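> Each chain, letter by letter, is given below.
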Amino acid sequence: SAVISQKPSRDICQRGTSLTIQCQVDSQVTMMFWYRQQPGQSLTLIATANQGSEATYESGFVIDKFPISRPNLTFSTLTVSNMSPEDSSIYLCSVYLSRAHEQYFGPGTRLTVT
Amino acid sequence: GQNIDQPTEMTATEGAIVQINCTYQTSGFNGLFWYQQHAGEAPTFLSYNVLDGLEEKGRFSSFLSRSKGYSYLLLKELQMKDSASYLCAVRDRNYGQNFVFGPGTRLSVLP
Numbered sequence: 001s002a003v004i005s006q007k008p009s010r011d012i013c014q015r016g017t018s019l020t021i022q023c024q025v026d027s028q029v030t031m032m033f034w035y036r037q038q039p040g041q042s043l044t045l046i047a048t049a050n051q052g053s054e055a056t057y058e059s060g061f062v063i064d065k066f067p068i069s070r071p072n073l074t075f076s077t078l079t080v081s082n083m084s085p086e087d088s089s090i091y092l093c094s095v096y097l098s099r100a101h102e103q104y105f106g107p108g109t110r111l112t113v114t
Numbered sequence: 001g002q003n004i005d006q007p008t009e010m011t012a013t014e015g016a017i018v019q020i021n022c023t024y025q026t027s028g029f030n031g032l033f034w035y036q037q038h039a040g041e042a043p044t045f046l047s048y049n050v051l052d053g054l055e056e057k058g059r060f061s062s063f064l065s066r067s068k069g070y071s072y073l074l075l076k077e078l079q080m081k082d083s084a085s086y087l088c089a090v091r092d093r094n095y096g097q098n099f100v101f102g103p104g105t106r107l108s109v110l111p
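If you're matching them up, the sequences are chains A and B in order. Mapping the first sequence onto the working numbering, position 47 (from 1) lands on 47, and the numbers just tick up by one. Mapping the second sequence onto the working numbering, position 101 (from 1) lands on 101, and the numbers just tick up by one.
One or more hints might be untrue.
[As the list claims (entries may be wrong)] Here's a subset of chain B near chain A, in silico, CB distances under 8 Å, partners left out:
id, residue
1, G28
2, G31
3, A42
4, P43
5, F45
6, G96
7, F99
8, G102
9, G104
10, T105
No wet-lab data here; the hints were simulated from the structure. None of the values given here were measured: they were computed from a predicted structure. The C-beta atom is built at its ideal place from N, Cα and C for all residues, glycine as well.
Here chain A stands alone, though its shape is the one from the complex (with noise of 0.2 Å):
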């Protein structure tokens, strides 16, 4: 198993601001993925952090939007830049164990921007 600490657990926000939010894994996992679920939906795929290297975004998720770190193998962070109302959501890191087939999920992030 893996256990995954996120920080913050929820912030409220100017439009115009940023927030960098922080994903812990307590193992070194290769497969880290960012999420992000609006209320009373399910879960949307924003980007694959990979380590060492550039993310791989979903379609409709921007690097100047949504810039992902992944310094290494049990840690990441999200940042988004620039936010609007719209940004308002659920954000969950998540990491995949390969060999047990197994995904985990942090606490999640719940983002408010005013």
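Could you slot chain B onto chain A? The hints should help.
Frame of chain A, contents of chain B only:
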């Protein structure tokens, strides 16, 4: 592309059995996963199927038919704490081995 469908809501009675269905269309199927998500919490992994058949884990079982693009999650001896959303997700090798999540099924367990 991928298309995953689940019923939006289901209701069942405590002690009963409920089956939550998931249908999918994907070109590079590489596993189907079920997750439980309580309101305000992160999803938790329940099960994984990559071959046809039934996988049992205590009160929860998951079934897969690859030829039909179909899976179900079976919950037995329902408890009030089973009230949650259940998410089906498919891993697609033609999608960078990433996960595509279905819309989720909100299950309400009534006394």
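> So, for every hint listed, does it hold in this structure?
Hints versus structure:
For B:G28, the shortest C-beta to C-beta distance to chain A is roughly 16 Å, which exceeds 8 Å, and the interface hint is violated. Interface hint status for B:G31: upheld, as the beta-carbon distance to the closest one in chain A is roughly 6 Å, under 8 Å. About 4 Å separates the beta-carbon of B:A42 from the nearest beta-carbon of chain A, less than 8 Å, and the hint is met. The interface hint given for B:P43 is met, as the beta carbon of that residue sits about 5 Å from the closest beta carbon of chain A, less than 8 Å.
Hint on B:F45 holds. Least Cβ distance to chain A is approximately 5 Å, under the 8 Å limit. This hint holds: B:G96 has a C-beta 7 Å from the nearest C-beta of chain A, less than the 8 Å allowed. Taken as an interface hint, B:F99 checks out: its beta carbon lies about 7 Å from the nearest beta carbon of chain A, inside 8 Å. A hinted interface residue such as B:G102 counts as satisfied when its beta carbon comes closer than 8 Å to some beta carbon of chain A; here the least separation is about 6 Å, so the hint holds.
Using the Cβ-Cβ criterion of 8 Å, the hint placing B:G104 at the interface with chain A is satisfied: the shortest such distance is roughly 5 Å. Taken as an interface hint, B:T105 does not check out: its beta carbon lies about 10 Å from the nearest beta carbon of chain A, beyond 8 Å.
The structure fails hints 1 and 10 (numbered hints given earlier, in ascending order).
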